[in-house]
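Visitor: Listed here are the chains, written in short residue letters.
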Amino acid sequence: MTTVQSIITIAAVVLGTMLTRFLPFLIFPEGKTPPAVITYLGTVLPYAVIGLLVIYCLKDAIFTPLHGLPELIAIAFITILHKWKKNTLFSIGAGTVLYMFLIQNCF
Amino acid sequence: MKTKAFKAALPYTLPICAGFLFLGMSYGFLMRSKGFSFIYPMLMSFFIFAGSMEFVTVNLLLSAFNPAHALLLALMVNARHLFYGISMLEKYKNTGFKKLYLIYGMCDESFTINCTVLPSPDVDKGWFMFFVTMLNQIYWVSGATLGALLGYVIHFDVTGIEFVMTALFVVMFIDQWDEMDSHSSALIGVSCSLLCLLVLGSEQFLIPAMSLIIVCFLVQKRLRKDVVR
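Top line first, the protein sequences correspond to chains B and A.
Last residue of the first sequence: 1064 (our numbering), numbering continuous.
Last residue of the second sequence: 265 (our numbering), numbering continuous.
So here's chain B without its partners, still in its complex pose:
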């Protein structure tokens, strides 16, 4: 990607992000109630999108010869660690370190 293309891509992401932040205030200036469908999607989408992002992260690993085995080991490790300690930063840090170790030394 050229620098100009990078800037356009980042600008598109900024635009998309800002639309989600500003739209409610533009559409419902004072006192208007948003339609039920929008409020409903607003409550359920966050839970689905994180699932989508997890799969997005694994999209290339699944089609490698290992079919995402190192990723799955690290995810299992994070799940156990997080259920046990409930410390977000510790789970992320330890999980990443384990994955880097696996990828660099075992696979």
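Hints were generated in silico from the structure; no laboratory data involved.
Warning: the hint list may mix true and false statements.
Claimed, not checked - Which chain A residues stay away from chain B? Per the calculated CB distances, all over 12 Å, these:
| # | residue |
| --- | --- |
| 1 | M37 |
| 2 | K40 |
| 3 | A44 |
| 4 | T49 |
| 5 | F74 |
| 6 | F133 |
| 7 | I149 |
| 8 | P155 |
| 9 | D158 |
| 10 | K161 |
| 11 | M170 |
| 12 | S178 |
| 13 | T181 |
| 14 | V189 |
What the hints assert, rightly or not - Simulated restraints, written as ranges between beta carbons of each label pair:
| # | chain 1 | residue 1 | chain 2 | residue 2 | range |
| --- | --- | --- | --- | --- | --- |
| 15 | B | Q962 | A | Y140 | 22 to 30 Å |
| 16 | A | L236 | B | F1058 | 26 to 34 Å |
| 17 | B | F1020 | A | L154 | 47 to 55 Å |
| 18 | A | L186 | B | F1058 | 14 to 22 Å |
| 19 | A | G132 | B | V961 | 33 to 41 Å |
| 20 | B | K1043 | A | S220 | 17 to 25 Å |
| 21 | B | P992 | A | L136 | 24 to 32 Å |
| 22 | A | P51 | B | F1020 | 35 to 43 Å |
We put the beta carbon where it would ideally sit given N, CA and C, even for glycine.
Model the placement of chain A on the given structure of chain B, informed by the hints.
Guide: Using the frame of chain B, we list chain A on its own:
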């Protein structure tokens, strides 16, 4: 008035500070390890200011040029802001010129504080929310910039560092899973995405997956309505 609001806001943002510095630094370090100058994470953390989407944008910048795709993805990943905005319509009223910044900087953490914390009556609410938002953004941008700068100095085998993004989303997924009684939303997200990925492959699956998720929710809503009737 401003000093008082700042002093009231600061303690609430300190717990966020540690998390933002750590995650911001991993993000900046990741970008540097992929060969980007520190300018990129600094400006991206400032202008996008939505953590998950910034991590995803690293991937977008390393794949083929497709701005429409990037726009749709940003809309979908950040759709939760629509909900935040709707919840804050009342609270952000009458905050004058600060309103624009309050909306622009409405990340998950600032929303949570501004939505739940009521400062004492002698503190100006508009300025309180303004400083909460601003402090959180300062932590995040500093973290991202510092992380990238560290990337110039520290050199070790960083193969696999991009897994920090997967780890972040897995942890968020577990937290959300535990706080919900019904897991149907999370399951819809995972199964629709996995199905589209397996059928369509890694290049094509994202937009169909997003559409399928929305269709599933609309159908689910219809079904629930029928049950209520």
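Visitor: If a hint holds in the structure, say so; if it does not, say that too.
Guide: Do the hints match the structure? See the list:
1. M37: Consistent with the label, A/M37 stays out of reach of chain B, its closest Cβ about 25 Å off (over 12 Å).
2. K40: At roughly 27 Å from the nearest Cβ of chain B, A/K40 sits farther out than 12 Å, so the non-interface label holds.
3. A44: Non-interface label on A/A44 holds, nearest chain B Cβ at 24 Å vs cutoff 12 Å.
4. T49: 16 Å, holds
5. F74: 15 Å, holds
6. F133: Check passes; 14 Å lies beyond 12 Å.
7. I149: 16 Å, holds
8. P155: 22 Å, holds
9. D158: 27 Å, holds
10. K161: 17 Å, holds
11. M170: 15 Å, holds
12. S178: 17 Å, holds
13. T181: Fine: 16 Å to the nearest Cβ keeps A/T181 off the interface.
14. V189: Holds, since 19 Å exceeds 12 Å.
15. B/Q962 - A/Y140: 22 to 30 Å: For B/Q962 and A/Y140 the Cβ distance comes to about 25 Å; the hint holds.
16. A/L236 - B/F1058: 26 to 34 Å: 33 Å, holds
17. B/F1020 - A/L154: 47 to 55 Å: At roughly 51 Å between Cβ atoms, A/L154 and B/F1020 fall inside 47 to 55 Å, so the hint holds.
18. A/L186 - B/F1058: 14 to 22 Å: 20 Å, holds
19. A/G132 - B/V961: 33 to 41 Å: 37 Å, holds
20. B/K1043 - A/S220: 17 to 25 Å: 24 Å, holds
21. B/P992 - A/L136: 24 to 32 Å: 25 Å, holds
22. A/P51 - B/F1020: 35 to 43 Å: 40 Å, holds
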